[in-house]
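J.: Build the full structure now, drawing on both the sequences and the hints.
Each protein sequence line maps, in turn, to chains A and B. This note's numbering numbers the first residue of the first sequence as 1 and each following residue consecutively. This note's numbering numbers the first residue of the second sequence as 1 and each following residue consecutively.
Just to be clear, a hint being listed does not mean it is correct.
Derived SDA-like pairs (lysine to any residue); straight-line CA-CA distance at most 25 Å [to be verified]:
| no. | chain 1 | residue 1 | chain 2 | residue 2 |
| --- | --- | --- | --- | --- |
| 1 | A | 80 | B | 244 |
| 2 | B | 188 | B | 158 |
| 3 | A | 115 | B | 169 |
| 4 | A | 63 | A | 188 |
| 5 | A | 80 | B | 150 |
| 6 | A | 118 | B | 61 |
| 7 | A | 80 | B | 242 |
| 8 | B | 188 | B | 174 |
| 9 | A | 118 | B | 176 |
| 10 | A | 100 | B | 248 |
| 11 | A | 100 | B | 61 |
| 12 | A | 137 | B | 169 |
| 13 | A | 100 | B | 176 |
| 14 | A | 137 | B | 248 |
| 15 | A | 80 | B | 68 |
| 16 | A | 86 | B | 148 |
| 17 | A | 63 | A | 50 |
| 18 | A | 137 | B | 243 |
| 19 | A | 86 | B | 149 |
| 20 | A | 100 | B | 210 |
| 21 | A | 118 | B | 161 |
| 22 | B | 12 | B | 210 |
| 23 | A | 115 | B | 148 |
| 24 | A | 100 | B | 241 |
| 25 | A | 115 | B | 160 |
| 26 | A | 115 | B | 12 |
| 27 | A | 100 | B | 242 |
The hints are simulated quantities; they were obtained by calculation from the structure and are not laboratory data.
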Amino acid sequence: MSHELGAPIVVIDAIEKRFGALVVLRDISLTVRRGECVCVIGPSGSGKSTLLRAINALVPVSKGSIRVDGIEVNDPDLDKLALRRKVGIVFQQYNLFPHKTALENVMMAPLHVLKQPKDEVEARARRLLAKVRLSDKEGAYPGELSGGQQQRVAIARSLAMNPTLMLFDEVTAALDPETKKEVLVTIRELAAEGMTCMLVTHEMGFAAEVADHIYFTDGGTIVEHGPPAEFFKNARHERTRAFLDQVL
Amino acid sequence: MGSMQAIADWFKWLAGAHGINVSIAYDAFDRARFLTGLSTTVWLSVACIVLSILVGLVGAWLQGARSPLVRAAVAGFVQFFRNTPPLVQLAFFYFAVSAALPMVTDQFGARVPLVNNVGWAVISFSLFAGAFNIEIFRSGIEAVPQATTEAAEALGYTRLQSYIYVVFPLAFRICLPALGNNLVNLVKTTTLAYAIGVPELLYAAAQVWSETFNVREMMVVLLLTYVAIVAVLVWFMQRWERRLRIPGYNA
Ligand SMILES: Nc1ncnc2c1ncn2[C@@H]1O[C@H](COP(=O)(O)OP(=O)(O)OP(=O)(O)O)[C@@H](O)[C@H]1O
Ligand SMILES: [Mg+2]
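T.: In structure tokens, the structure reads:
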């Protein structure tokens with residue numbers, strides 16, 4: 001997608017993440033600008049999820065700096081709430097609150113965390129569910145929804161916090177091809193509207209179509225990156241070509 | 001009132017003709033005693049149920065605390081109350097702890113203990129059942145998927161908010177059956193208060209049979225009364241479980 005790219009929203013500088021002796025991220029640096037959609041691809045275990053989770057402080061990094069819209073994440077005095085208001089994350093397994101209806105799932109965080117007035121929150125939640133084409137499922141519980149529907153509720157739930165940045169971690173990996181499409185359409189619309197997105201995906205076709213920039217990670221490092229046209233046609237590294245041959 | 005009178009007359013006849021003496025059915029004095037016992041047992045149970053659930057909630061919350069000291073204190077509390085007999089706990093509170101507390105002056109100017117026997121029964125049973133509730137709630141909390149709490153965290157929930165709005169509502173549903181069992185046990189445990197002279201059901205029944213000499217009959221009445229009380233509690237717990245059931249979700 002091409003649109004005017006704005007100021008940097010995420011600036012990651014030389015971060016390292018270890019789990020004990022295991023180095024999961026090493027010397028990773030990247031920048032995501034306002035309105036940009038960045039895709040991270042790479043083999044299983046290469047640290048993609050860890051990278052996304054580091055950005056909203058679900059995993060602390062061992063070294064380096066992550067700035068999100070001016071907030072330093074790798075800081076013991078980090079204001080987590082301020083960070084999480086800016087960053088929405090959607091997971092592979094949806095992780096909706098099973099005891100709340102679709103509408104309530106979308107309303108909860110603005111009510112409990114942002115303490116916004118209920119009628120305002122409810123009106124916005126209805127608009128968001130309409131946006132992900134689930135107006136008819138407002139009263140359904142997660143257990144009564146298909147995987148694709150649950151994932152779209154999860155996206156609406158994140159959007160309800162009005163984030164500046166959306167992180168998507170293999171959000172279609174658990175879905176069948178049919179329902180995958182519903183979710184991808186939703187993400188494509190968001191990207192087209194100018195939402196800053198960072199997504200980990202195994203859908204190469206989708207990455208090629210939606211991404212402004214692609215990062216290929218392996219063994220905890222960024223092997224190479226570039227705009228999708230170049231990246232998919234002329235991968236420079238042997239490792240990248242081998243991976244692409246395998247998945248394309 | 002006519003039919004009540006007829007029932008009373010029939011029990012009177014039963015006692016006279018066959019020697020089966022259910023005195024509380026026709027004797028106003030015995031009946032009043034028994035009903036006082038019943039109401040004491042009911043409110044003692046309700047108070048202990050409410051307090052033991054509170055103990056369980058707070059304890060389970062503290063078990064997740066950052067401070068190892070707090071966690072160790074909760075673990076010690078649970079071990080103590082779970083691994084010792086409730087009758088001994090009650091005696092310990094009533095005889096040992098009470099004696100160590102200052103006396104106070106009541107409204108008539110008499111010197112009385114700070115906490116009376118009923119008070120100690122409530123405290124003792126609430127802590128006893130509360131210790132079990134802590135373990136029950138903890139197992140429920142552990143059954144809530146970490147991914148769900150992580151989703152709350154990612155939405156900006158603090159640990160307390162996530163506990164109140166996400167973890168606890170789910171954990172509670174998971175552990176309701178176990179909680180129900182423990183509360184049934186708690187209701188039965190309240191008879192131990194007899195030992196420190198709390199006028200609950202067993203105490204009242206004993207008063208009746210020691211004066212009316214109808215031990216056999218009162219034992220049967222007593223057992224049937226407990227069957228009824230526990231049936232009400234079980235009915236209530238099942239209703240609660242049904243009300244909290246989430247469509248499409250099996251915990
Ligand atoms: N909490 C943890 N403790 C220890 N090791 C971890 C932890 N989380 C992740 N790892 C390890 O870090 C590495 C990277 O994991 P990560 O989940 O980021 O990979 P990924 O690229 O998302 O893989 P996938 O495509 O399978 O989702 C793996 O080797 C994993 O075993
Ligand atoms: Mg992953």
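J.: Now tell me, hint by hint, if it's right for this structure.
T.: To see whether the hints hold, each was checked on the structure:
{"no.": "1", "hint": "A:80 <-> B:244", "verdict": "violated, 32 Å"}
{"no.": "2", "hint": "B:188 <-> B:158", "verdict": "violated, 39 Å"}
{"no.": "3", "hint": "A:115 <-> B:169", "verdict": "holds, 20 Å"}
{"no.": "4", "hint": "A:63 <-> A:188", "verdict": "violated, 33 Å"}
{"no.": "5", "hint": "A:80 <-> B:150", "verdict": "holds, 13 Å"}
{"no.": "6", "hint": "A:118 <-> B:61", "verdict": "violated, 28 Å"}
{"no.": "7", "hint": "A:80 <-> B:242", "verdict": "violated, 38 Å"}
{"no.": "8", "hint": "B:188 <-> B:174", "verdict": "holds, 24 Å"}
{"no.": "9", "hint": "A:118 <-> B:176", "verdict": "violated, 30 Å"}
{"no.": "10", "hint": "A:100 <-> B:248", "verdict": "holds, 11 Å"}
{"no.": "11", "hint": "A:100 <-> B:61", "verdict": "holds, 22 Å"}
{"no.": "12", "hint": "A:137 <-> B:169", "verdict": "holds, 22 Å"}
{"no.": "13", "hint": "A:100 <-> B:176", "verdict": "holds, 18 Å"}
{"no.": "14", "hint": "A:137 <-> B:248", "verdict": "holds, 14 Å"}
{"no.": "15", "hint": "A:80 <-> B:68", "verdict": "holds, 24 Å"}
{"no.": "16", "hint": "A:86 <-> B:148", "verdict": "holds, 20 Å"}
{"no.": "17", "hint": "A:63 <-> A:50", "verdict": "holds, 14 Å"}
{"no.": "18", "hint": "A:137 <-> B:243", "verdict": "holds, 21 Å"}
{"no.": "19", "hint": "A:86 <-> B:149", "verdict": "holds, 19 Å"}
{"no.": "20", "hint": "A:100 <-> B:210", "verdict": "violated, 57 Å"}
{"no.": "21", "hint": "A:118 <-> B:161", "verdict": "holds, 17 Å"}
{"no.": "22", "hint": "B:12 <-> B:210", "verdict": "holds, 19 Å"}
{"no.": "23", "hint": "A:115 <-> B:148", "verdict": "holds, 21 Å"}
{"no.": "24", "hint": "A:100 <-> B:241", "verdict": "holds, 16 Å"}
{"no.": "25", "hint": "A:115 <-> B:160", "verdict": "holds, 15 Å"}
{"no.": "26", "hint": "A:115 <-> B:12", "verdict": "violated, 67 Å"}
{"no.": "27", "hint": "A:100 <-> B:242", "verdict": "holds, 16 Å"}
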